[in-house]
Each structure stands twice: as C-alpha cells, then as structure tokens.
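One-letter residues, chain by chain:
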Amino acid sequence: MVNLIWVFMFVFGILYAAINGTMEEVNKVLFKSAQEAVTISLGLISILVFWLGLMNIAKKAGLLEKLSDLFKPVAKRLFPDIPADHPAMGYILSNMVANLFGLGNAATPMGIKAMEQMKKLNADRDDASRSMITFLAINTSSLTIIPTTVIAIRMNYDSLSPTDIVGTTLIATACSTFAAIMIDRYFYQRRQRRRRS
Amino acid sequence: MGLVSAISIWILPCLIGFVLIYATFKRVSTYEEFVEGGKEGFSIAVSIIPYLVGMLVAITVFRASGALAFMIDSIKPFLTAIGVPSEIVPLALIRPISGTGALAMTSDLISTYGPDSFIGRLASTMQGSTDTTLYILTVYFGAVGIKRMGDALKVGLLADLVGIICAIIVVTLVFGS
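Those protein sequences? They're chains A and B, same order as listed. Residues in the first sequence are numbered consecutively from 243, following the working numbering. Residues in the second sequence are numbered consecutively from 14, following the working numbering.
With the rest of the complex left out, here is chain B (with noise of 0.2 angstroms):
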C-alpha cells in the first residue's frame, strides 16, 4: 500500500519536473510556450458547455423523475437470473451514464456491505474497470465539435457491458461469493 500511494503522489510532480527540465535542455522558451498552450483551455472549456448542460440535465430529468429506478428495477430479475447479485445492478447501469452518480452508488455500496465484502469488492472493480461512457463522449466530440458520433456510442456501452460481465467473472473467480 505504501508504493502505491507514493507512486501516486509522486508521479505527477515528478512527471512536471522531468518536462520542464527537459525542455530547458531543449533550449525551449517554456514559460512562453506553458502560456501559449494553456491559451486553448479557455475556447475549449467553453466549446463543452452547450453539449454537457444539454446532456446533464436530460440525465438528470431522468434520474430526478423516477423513471432510472424503475428501469432499473425492470431489468434487476433477468440479470439476478443470470447471476448478477443484484445489490450491484443500480450501480452497473449508471455507470455509463453517470459518473458522479456510479461514485456515490459505490461509496454507499462500500459503507453498506463493506470494502472487503465480496459486493465491496465487485463495487470496487466495476469502478475502476469502466469510465463514464457518455460524459467522454460529449467531452470529447463537443470539444471539437463532432456533430455525428458514428458507432461511438454503440461501440462504448457494448465495451460497458463486457467490462461489467468481466468484472462479475473475475471478482467471483478470485474472491469468491
């Protein structure tokens, strides 16, 4: 444990430091160059705000009316059926969607069943092991304005759904139920 939060504290001061003295041997004016790049953040962050705030509150309508619950209650049998426990269904369903949502269900998931309870874990996993789909896909595409996303979005909650399955195999494989 002690590695890795000092790899992780680390890293990116050292990741810093190794740029910038590599690019002073480069005979790169940095301090210039640091403001000429981060002149971009402004238009960028500001590009996004019309996709997020369209798609967050739509998220948001549906969560705040009820209707994401009773989905997810609708389709918590079959999965239980095919062996899903369903403490974990909420949670595998908004992660695509929702990632301050999926964080909170797996924080309360934790305190509930505990971190090192088989549920703890698989919370854990399924955390780690899948990203915020729909919030990547409006960040990215709205920053440079993709208007047409392609199979992006298929291709992404299919990858959701292997990433899922794998997590329930693999946390059942190695700590059992």
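Bound conformation, chain A alone (with noise of 0.2 angstroms):
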C-alpha cells in the first residue's frame, strides 16, 4: 500500500504539473526537498545521540525495568506477543511516556529502540509484527497530555487563554487512541481469519 501512495503521489504530481502548467515549480522542489529530508535526517543526529546516551543509562540502571513493572497490566493487554520481560517493554513505555508529556524529541530515540527489539523478536524478519502495527497505531494517534507547541502558537497570537484547548486536545486524543486500538485488533482478527482460511 505505502508503494502505491508513494507512486501516486509522484505520478499524479506529475501529471496534474504537466496539465497545469506548475512544472517550473516541481522542478524547484525536487532536489531542494531532497536536501532538506538529508538535513532533517542529520538533525535528528544530535538528539537521537543525547537520548540514546541517556536511555542507556537508565537500562543499566534498572529503571526501565522498574517503569514496564509498573505498567505491566496495561502493556501485557496491548502487546501480548511481547513477554513482559522483555526490553523491548521498557522501550515502548519509555516511549509512551515521553509522548504523553509532548517531548517529541526524547520519544523518538526511544520508539525506535523499541521497535529495534521488536524486530528480533520477530526473527530480525523485514515485515512488520504484530505489536509493531500496535504500537505504531498508538504511537500515530498522538497520546498527549500537554500539546506544548500548539499552546506555543496559540500565545504567539495573543490567545486570552492559551491552555483552554488541552481539554479538548485530551478528549479526543484519547478518543482516537482507543479508537486506534481497536482499529488495530480489527485488521489483526482480519489478518489471523484470512491466513486460516
């Protein structure tokens, strides 16, 4: 699927180009876009490095462990491929964690950790897992609590009440996740009835 959005994308660019007149246009981005993925790629450099750093210390200091504890009857729920001793555990609450307080940038470095073990536990196989797709699924239905860089925005303009939407945000982040969950097991029973059949 993401191969035919991608060659849609490029394709009907093209065309839609061709037929309108804006070739000049795709032309200019084309290798600018380029760049600017290779640069968002490298920036991502200093904080994946800082993270890691501090990720790694915290292994080796058993407070991953201590966190998947913690949220053990949740996460066991969720990810039933996952043991619940395994990194792979600690990761993804870390992750979890650090997307509910909005800190984008740590929870990166972390979900990737998470799915690096994710991957061996589905023999280093270059399809996506099951609780991998769970995972994503959560992790792209933005579970926030504080949404720091729309109240950044909204006190750019002036807002009388900067915070009054993290209500809202709340509701229906919470809406689309759980929604996001049981979108998921959906796809999973369809996937385990056609493999049956």
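Worth flagging that the hints you see were computed from the coordinates, not collected in a lab. Any given hint could be a false lead.
[What the hints assert, rightly or not] Each computed SDA-like pair below joins lysine to any residue, with the alpha-carbon atoms no more than 25 angstroms apart:
1) B/LYS39 <-> A/LEU305
2) A/LYS318 <-> A/PRO329
3) A/LYS302 <-> B/PRO103
4) B/LYS167 <-> A/PHE429
5) A/LYS318 <-> A/HIS328
6) A/LYS362 <-> B/ILE62
7) B/LYS160 <-> A/ARG367
8) A/LYS274 <-> B/ALA117
[As the list claims (entries may be wrong)] In silico contact screen, one side only, chain B against chain A (beta carbon under 8 angstroms); selected entries:
9) ALA36
10) SER87
11) ILE88
12) GLY163
[Said to hold, decoys possible] To spell it out: a stretch of chain A is covered by chain B in this simulated footprint if at least three of its residues, at any positions, have a beta carbon under 8 angstroms from a beta carbon of chain B; those stretches are:
13) 271-281
14) 377-387
Cβ coordinates follow ideal geometry from the N, Cα and C atoms, glycine included.
Please assemble the complex out of the two chains, which come individually in their own frames, going by the hints.
Okay, here's the thing in structure tokens:
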C-alpha cells in the first residue's frame, strides 16, 4: 500500500503539473526537498545521540524494568506478543511516557529502540509484526497530555487563554487512541481469519 | 497557564537529573554508558536518510504541483455537506502527510481567525490530537529496515480520521459554533 501511495503522489503530481503548467515549481522543489530530508535526518543525530545515551544509563540502572513493572497489566493486554520482562516493553513504555508529556524529541529515539527490540522478537524479519503495528497505531494517534507546540503558537497570537484547548485535545486524543487500538485489533483478527482460510 | 509552562520547562532537566542521580547510586559508570548508548545515534540517523528522502520528495512534488490543493478542493464539498467546517478541511487532509505543512497551516488558521475563535480552537485541538502518521511510519520502520508495513498505514490513517472527527465533535460540544 505504501508503494502505491508513493508512486501515486509522484505520478499524479507530475501529470497535474504537466496539465496545469506548474512543472517549473515541481522542478524547483525536487532536489530542495531531497536536501531537506537529509538535513532532517542529520539533525536527528544530536537528539538521537543524547537520548540514546541517557536511555542507556537508565537501562543499566534498571529504570526501564521499573517502568515496565509499573504498567505491566495494561502493557500485557496491548502487546500480548511481547514477554512482560522483555526489553522491548521498557522502551515502548518510555516512548509512551515521553509522548504523553509532549517530549517528541525524547520519544523518537526510544520508539526506534522499541522497534529494534520488536524486530528481534520477530526473528529479524523485514515485515511488520503484530506488536509493531499496534505500537505505531498508538503512536500515530498521538497520546499527548500537554500539547506544548500548540500552546506556544496560541500564545504567539495573543490568545486570551492559550491552554483552554488542553481539555478538548485530551478528550479527542483519548478517543482516537482508543479507536486506533480497536481498529488495530480488527485488522489483526482479519489477518488471522485470512491466514486460516 | 503558569503551571503548564512551568511543567514543560522543568520536566526535562528534572528527568535528566533524576536518571543521573539514580544511576550513580546504582553504581553505573554513567559517562561511559552515555557514550556507549549515544554511538548508536549516528547509524540510526544515517539509515533513515533514504526512507525520508523518498517520502519527502514525493510529498513535495505532490504539493508543489498543486495536485494536493486540487484533491482537497474536490473533497471539500462532501466534507462540508456532513458538517465539517470548510476552513479546516485542508488541515485535516494534510495533517497525516506533512508535519511542517500542518504546523504552518495551523498557525495560519490561528492568525487568520484568531486563537480563541471556533476555527482557531478546532485547528489547535486537531493539531494537538493527531500526529504525522506518514513521517512516524517512515522514520520508525526506516530505522530498523522494515520493508513491508502490513496494515500499519491503513490503521494509522483510519485512526487519524477518527481523531479528526472526534476533534470536531468535542470542540463543537465544548465551545459551540
């Protein structure tokens, strides 16, 4: 599906540009965006190095295990494929906690470590496992308690109460995360049924 | 407000301090372990590059050609028919695809309609309650070399749809139109 979407964006974009005379714009952004992608990736180095370093300390000190223990009952239900004492669980939970507090910078390195561990659990195969899909479903539905970026923007534009959207954001995010888990379960059941038949 | 901004300023330094003090008591050789863990950061960042270049160029071509705006315009009537405010439609559609695009659009909506207007609050809530699905999938799967995503994209996009619908319903209920 990602292949189709990817090709569609290129082909439809180029065709549209051909018909509407925007080919020059397309040309201009073509290599600029490639450069931008590299800049973003390299920009991640500082964040990744710092947080992976700190995470390594937390792991060696046993903090990740403590975190997994704390959320074990919930985590076991969400990720039945992952043994409760597996390191993947610690990384998954630290990623979620970082996301909850709107610490996107800290969340990404932990999410990547979680993926790495889940890949190991999946015998190093290069297709997505059940737990990886669940993890991403929860992640992309954005579990945030304090949407710091949005609050900052609202303050910038002189909002009378920049934080009055915290409540609505929290409710909306809770609904969408719950929905994400349900949708994920539905697709999992569908995969299972297909495999059996 | 004071409390929220205070929390967001204090939380990171406190977290770092806590980990370091705790680890020191547990006799972890902190600095060495930091360097050891940090080393991985380079290879991960570099391994993401091809995935991100591929995805970002496609998105930019799609946007710069005007194809994205065209698609948004053609879906708009259907969405307005079911009660989605037309001003918010472009943001709803761009949110899962491009994080920077969505952020720019949110700022634009807030500055045009005012942060405390219905549209301003709806844009804020939508920005805060959804995430850039395509970017997250690209970075996370790219970093560990997952080539077949399974149902991940479908699940992510459907969840975004639900999130956007929830945001509209909740903001309408709380702030009214």
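Verification of the supplied hints:
1. A threshold of 25 angstroms between alpha carbons decides the hint, and for B/LYS39 with A/LEU305 the separation of about 10 angstroms falls inside it, so the pair holds.
2. At roughly 13 angstroms between alpha-carbon atoms, A/LYS318 and A/PRO329 fall within 25 angstroms of each other, so this suggested pair holds.
3. For the given pair, A/LYS302 sits about 46 angstroms from B/PRO103 by alpha-carbon distance, which is inconsistent with the 25 angstroms threshold.
4. Straight-line distance between C-alpha atoms of B/LYS167 and A/PHE429 comes to about 9 angstroms, which keeps the hinted pair within the 25 angstroms bound.
5. Restraint check: the Cα-Cα separation between A/LYS318 and A/HIS328 comes to about 11 angstroms, which is no more than 25 angstroms; the hinted pair holds.
6. Note on A/LYS362 and B/ILE62: the hinted pairing holds, with a Cα-Cα distance of about 22 angstroms set against a maximum of 25 angstroms.
7. With a C-alpha separation of about 9 angstroms, the suggested pairing of B/LYS160 with A/ARG367 holds against the 25 angstroms cut-off.
8. Among the hinted pairs, A/LYS274 with B/ALA117 is consistent with the structure: their alpha-carbon atoms are about 18 angstroms apart, no more than 25 angstroms.
9. Look at B/ALA36: its Cβ gets to within about 4 angstroms of chain A, closer than 8 angstroms, so that hint holds up.
10. Evaluation of the B/SER87 hint against chain A yields a violated restraint, the C-beta minimum of about 12 angstroms exceeding 8 angstroms.
11. Because the beta carbon of B/ILE88 sits about 14 angstroms from the nearest beta carbon in chain A, more than 8 angstroms, this interface hint is broken.
12. About 4 angstroms separates the beta-carbon of B/GLY163 from the nearest beta-carbon of chain A, less than 8 angstroms, and the hint is met.
13. Residue count for the stretch 271-281 of chain A with a Cβ under 8 angstroms from a Cβ of chain B: 8. That meets the three needed, and the coverage hint holds.
14. With 7 residues having a Cβ less than 8 angstroms from any Cβ of chain B, the stretch 377-387 of chain A passes the three-residue criterion, so the hint holds.
Against the hints set out earlier in the document, violations occur for numbers 3, 10, 11.
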